[in-house]
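Here the protein sequences line up with chains C and A, keeping their order. Heads up, the first sequence is in the numbering used here, so the first residue is 1 and it goes up one at a time. Heads up, the second sequence is in the numbering used here, so the first residue is 1 and it goes up one at a time.
One or more hints might be untrue.
All copies of an identical chain are treated as equivalent in the list; a pair is satisfied when it fits inside any one copy or across any two copies.
Listed next, the in silico DSBU-like pairs over lysine-lysine satisfying Cα-Cα at most 35 Å (straight line) [stated by the list, open to error]:
| hint | residue 1 | residue 2 |
| --- | --- | --- |
| 1 | Lys28 | Lys190 |
| 2 | Lys193 | Lys28 |
| 3 | Lys78 | Lys190 |
| 4 | Lys270 | Lys280 |
| 5 | Lys280 | Lys28 |
| 6 | Lys190 | Lys31 |
| 7 | Lys31 | Lys19 |
| 8 | Lys73 | Lys198 |
| 9 | Lys31 | Lys110 |
| 10 | Lys198 | Lys290 |
| 11 | Lys198 | Lys31 |
| 12 | Lys19 | Lys280 |
| 13 | Lys73 | Lys190 |
| 14 | Lys190 | Lys19 |
| 15 | Lys110 | Lys190 |
| 16 | Lys270 | Lys73 |
| 17 | Lys193 | Lys19 |
| 18 | Lys110 | Lys28 |
| 19 | Lys220 | Lys149 |
It is worth saying that the hints were derived from the structure and are not from the lab.
Number of protein chains: 2
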Amino acid sequence: MEERVFGDIEGVYEGQIFKNRFDLSFSKVHKPTQAGISGSQNEGADSIVISGGYEDDEDYGNIIIYTGHGGRKDGSTKQVVDQELVRGNMALALNVKTGLPVRVIRGSHKGSAFSPAEGYRYDGLYRVEDYWKEKGISGYNIWRYRLRKVSVSNKEESNVLQEEESGYKKTKRIETTVQRIIRDTAISRKVKKLYNFKCQVCNSTIETSSGLYAEAAHIKPLGVPHNGPDSIDNLLCLCPNHHVMFDFGGFSILEDFSLIGIDGNLTINKNHNLNSEFIKYHFDHFYDEKNRF
Amino acid sequence: MEERVFGDIEGVYEGQIFKNRFDLSFSKVHKPTQAGISGSQNEGADSIVISGGYEDDEDYGNIIIYTGHGGRKDGSTKQVVDQELVRGNMALALNVKTGLPVRVIRGSHKGSAFSPAEGYRYDGLYRVEDYWKEKGISGYNIWRYRLRKVSVSNKEESNVLQEEESGYKKTKRIETTVQRIIRDTAISRKVKKLYNFKCQVCNSTIETSSGLYAEAAHIKPLGVPHNGPDSIDNLLCLCPNHHVMFDFGGFSILEDFSLIGIDGNLTINKNHNLNSEFIKYHFDHFYDEKNRF
């Protein structure tokens with residue numbers, strides 16, 4: 001089997017137009033002639049086509065809120081059952097953890113300002129930043145992904161590029177296999193101090209040569225489309241392990257602050273008021289009973 | 001007490017020259033009139049002066065390898081005892097974990113191509129990427145820091161900027177409170193697969209809705225001045241907690257693969273040959289017996 005290529009395809013330039021899905025497949029930019037997601041459950045996704053096939057896609061140019069596949073009747077764009085985190089949907093979710101970029105191809109589509117007038121256009125590399133589920137327009141669960149265009153002007157990213165080249169010789173512009181960007185703001189320092197750097201899930205502290213370490217985790221995430229606030233009622237003090245698990249749906253929190261997915265209860269300081277709306281948001285969007293390992 | 005200001009000082013532009021340390025102090029760009037590091041052990045460092053006071057400093061322009069303070073006799077630039085990770089040295093180490101930037105001021109100095117002809121020049125914001133210890137030119141331990149200039153052209157960083165502003169209203173250009181950038185390359189995926197995503201320290205796995213999660217940790221770090229290779233004999237499969245602890249000197253590894261700083265032994269797959277030179281490098285540079293918490 002031919003190796004899956006992540007990153008740009010040699011000889012194909014950004015903005016290049018392909019007449020149809022067969023030309024696109026032949027060019028190796030997006031091999032499947034029907035499926036919107038090209039990828040595997042083991043390696044991740046290497047390309048996607050956005051062409052209005054899913055009623056829930058949202059295209060903002062440099063940011064795309066992409067909808068997973070499945071759950072539709074043949075020939076219809078309407079959901080009729082829940083989508084599941086399998087096949088292409090799982091492949092795209094893996095990219096969030098591996099940082100591998102996907103090639104984005106836009107097909108002509110009346111509804112979008114970013115679509116080409118006709119055919120399919122290769123629009124460069126995007127990173128998959130986040131995955132979650134929600135009720136789609138048709139009322140069934142859909143899996144969603146936030147994609148952000150990889151900027152080539154970024155010098156630091158070009159540094160990474162050099163490091164990466166050894167691993168992916170075939171791809172010229174594979175960049176930024178950045179996985180987890182942990183921010184540390186005034187408000188996050190506050191929540192960490194409140195718990196004295198103890199994880200609210202396991203009550204452990206992480207010791208380093210420069211003192212204790214903890215991370216502040218947003219319950220309802222920052223950024224579109226979640227737009228959770230950077231406020232203390234939306235923050236938890238977690239160890240890195242439980243932060244990763246929380247962000248990637250390894251567990252969630254119920255109304256009574258017991259945990260679901262793992263045993264135990266959230267430790268809560270009496271001066272820390274958590275917003276139950278944000279907790280419900282996390283449970284609805286990031287926890288999936290069907291995906292227990 | 002006046003609040004410590006991280007980031008740019010209002011009214012002071014990059015490239016601005018100050019006649020002497022008193023003018024510099026008065027401008028609030030760097031308040032101490034003698035010390036090279038301005039900061040506290042609780043909040044981190046807000047500014048540093050690089051002016052050839054330490055024989056071990058290395059200035060590459062956008063990257064600076066800066067040396068901590070202490071260990072010298074009054075009036076001499078020679079080390080006479082080991083430096084310790086306290087006061088300003090600890091402050092700068094905290095910046096690695098908080099991501100807060102430091103203002104960098106260069107003083108005139110014959111030895112450096114980047115120094116101003118005379119006086120002190122404000123050269124903008126740098127991030128502190130890494131801290132470690134090593135034997136300095138004089139044969140005593142010094143603490144070292146890799147600083148990288150914060151690029152203002154970076155669009156993603158400006159996004160972060162907006163989020164940050166609520167926390168630090170006073171600073172116009174505080175950016176990128178990025179803490180931990182975890183990369184995922186072909187070789188790091190290989191080491192994770194070899195251990196089936198089990199941490200080599202605690203043998204635990206992290207479960208998420210999209211499968212198991214682990215991180216590949218470089219023993220001898222990538223990048224200047226360490227220049228460790230991105231090869232499997234320099235990589236460990238760790239859970240996020242032990243990755244943080246390993247990078248920040250919470251524990252290290254001895255020749256017989258027992259751990260120091262925490263109990264236990266490293267689990268090693270029989271097909272995984274670790275390079276003992278890299279392990280010794282980590283112990284020498286990142287583990288400090290004096291800094292146990």
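Evaluated hints:
Taking the shortest Cα distances, Lys28 and Lys190 sit within 35 Å of each other only across copies (25 Å), while inside one copy they are farther apart (50 Å). Taking the closest pair of Cα atoms, Lys193 and Lys28 come within 35 Å of each other only across two copies (28 Å); inside a single copy the shortest separation is 51 Å, beyond that limit. Proximity of Lys78 and Lys190 under a CA criterion of 35 Å is satisfied in neither setting, with 46 Å inside one chain copy and 40 Å between copies. Only within a single protomer do Lys270 and Lys280 lie at most 35 Å apart by alpha-carbon distance; the minimum there is 20 Å, versus 46 Å between protomers.
In this assembly of identical chains, the alpha carbons of Lys280 and Lys28 never lie at most 35 Å apart, being 42 Å within a copy and 46 Å across copies at closest. When the C-alpha separation of Lys190 and Lys31 is checked against a cutoff of 35 Å, the pair qualifies only between copies, where the shortest distance is 25 Å, while the shortest distance within a copy is 49 Å. In this assembly of identical chains, the alpha carbons of Lys31 and Lys19 lie at most 35 Å apart only when taken from the same copy (14 Å versus 64 Å across copies). Proximity of Lys73 to Lys198 under the C-alpha cut-off of 35 Å is found in neither arrangement, the shortest distances being 49 Å within a copy and 40 Å between copies.
Taking the shortest alpha-carbon separations for Lys31 and Lys110, only the intra-copy value of 24 Å comes in at or below 35 Å, while the best inter-copy value is 59 Å. Both within a single protomer and between protomers do Lys198 and Lys290 lie at most 35 Å apart by alpha-carbon distance, with minima of 30 Å and 23 Å respectively. In the homo-oligomer, the alpha carbons of Lys198 and Lys31 lie at most 35 Å apart only across protomers (34 Å), although the nearest pairing inside one protomer, at 48 Å, exceeds that limit. With identical chains, the CA atoms of Lys19 and Lys280 are never at most 35 Å apart, being 45 Å at best within one copy and 58 Å at best between copies.
Within a single copy, Lys73 and Lys190 get their C-alpha atoms no closer than 50 Å, and across copies no closer than 39 Å, so neither meets the 35 Å cut-off. Proximity of Lys190 and Lys19 under a CA criterion of 35 Å is satisfied in neither setting, with 55 Å inside one chain copy and 38 Å between copies. In this homomeric assembly, Lys110 and Lys190 never come within 35 Å of each other (Cα to Cα): the closest approach is 48 Å inside a single copy and 44 Å across copies. Taking the shortest Cα distances, Lys270 and Lys73 never come within 35 Å of each other, neither inside one copy (50 Å) nor across copies (50 Å).
In this homomeric assembly, Lys193 and Lys19 never come within 35 Å of each other (Cα to Cα): the closest approach is 58 Å inside a single copy and 40 Å across copies. Taking the closest pair of Cα atoms, Lys110 and Lys28 come within 35 Å of each other only inside a single copy of the chain (26 Å); across copies the shortest separation is 56 Å, beyond that limit. In this assembly of identical chains, the alpha carbons of Lys220 and Lys149 lie at most 35 Å apart whether taken from the same copy (23 Å) or from different copies (32 Å).
Violation of the numbered hints given earlier is confined to hints 3, 5, 8, 12, 13, 14, 15, 16, 17; the remaining hints are satisfied by the structure.
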